[in-house]
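Trainee: Under the numbering used here, the letters of the sequence shown match residues 6 to 169, in that order.
In case anyone wonders, no lab produced these hints; they're calculated from the structure. We put the CB at the ideal spot given by N, CA and C, even for glycine. Check before you lean on any hint, since a few could be wrong.
[To be verified] Here are the simulated distance ranges between beta carbons:
no.	residue 1	residue 2	range
1	E8	Q40	40 to 48 Å
2	V145	P109	16 to 24 Å
3	S47	L13	49 to 57 Å
4	E106	R71	46 to 54 Å
5	G78	S47	42 to 50 Å
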Amino acid sequence: MAETADLLALLAEMKKSMEKGEEEMRKGQEEMKNQIQSHVESKVGEIKDHVNSCIEKIEDVQSVKREIGEVKGEVERKIGEVKEKVEVKIGDLEKWLSELEDRPINFPANPDLTYSRPTVKSLTFIGQTSWTVFKTQFDVVSSANGWNNRVKSSGGNSLGNTFR
6 MAETADLLAL
16 LAEMKKSMEK
26 GEEEMRKGQE
36 EMKNQIQSHV
46 ESKVGEIKDH
56 VNSCIEKIED
66 VQSVKREIGE
76 VKGEVERKIG
86 EVKEKVEVKI
96 GDLEKWLSEL
106 EDRPINFPAN
116 PDLTYSRPTV
126 KSLTFIGQTS
136 WTVFKTQFDV
146 VSSANGWNNR
156 VKSSGGNSLG
166 NTFR
């Protein structure tokens with residue numbers, strides 16, 4: 006019977022040892038579980054922070070895009086306004102130049118400023134020279150007198166009036 010008591014004592018000791026081992030394993034598993042959960046929560050927090058940072062950057066980029074669009078629209082509008090003003094000014098200048106070209110130059114008679122350019126007497130074609138020579142002489146005289154094409158073709162100076 007002593008053997009049975011020894012065996013029972015050994016069995017009880019083994020049972021206590023196993024329970025102690027199981028308890029240590031449970032504590033180890035619990036500790037590992039807590040470490041893993043803490044690590045996972047830390048990583049989840051880092052990922053959330055990164056996602057929030059990315060969202061902020063995306064919102065910043067979208068805001069900048071909106072501002073660029075607004076500035077672009079404003080610039081295009083101002084370019085259109087300036088273009089219109091320039092076109093109006095160009096039209097005004099072209100009209101003014103056209104009026105200046107069509108208007109005869111009349112300076113008020115001021116003896117201090119009056120300069121009379123000597124005029125060359127107009128020629129008369131009487132058939133003693135060739136027509137080509139006469140035409141050349143007429144062009145020289147009209148140029149020396151400062152006649153433009155309208156003056157050349159009108160009044161007593163016209164090429165047609167040089168015939169007798």
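Trainee: Decide, hint by hint, whether the structure agrees.
Mentor: Evaluation of the provided hints:
| no. | hint | in the structure |
| --- | --- | --- |
| 1 | E8 / Q40: 40 to 48 Å | holds (47 Å) |
| 2 | V145 / P109: 16 to 24 Å | holds (23 Å) |
| 3 | S47 / L13: 49 to 57 Å | holds (50 Å) |
| 4 | E106 / R71: 46 to 54 Å | holds (52 Å) |
| 5 | G78 / S47: 42 to 50 Å | holds (47 Å) |
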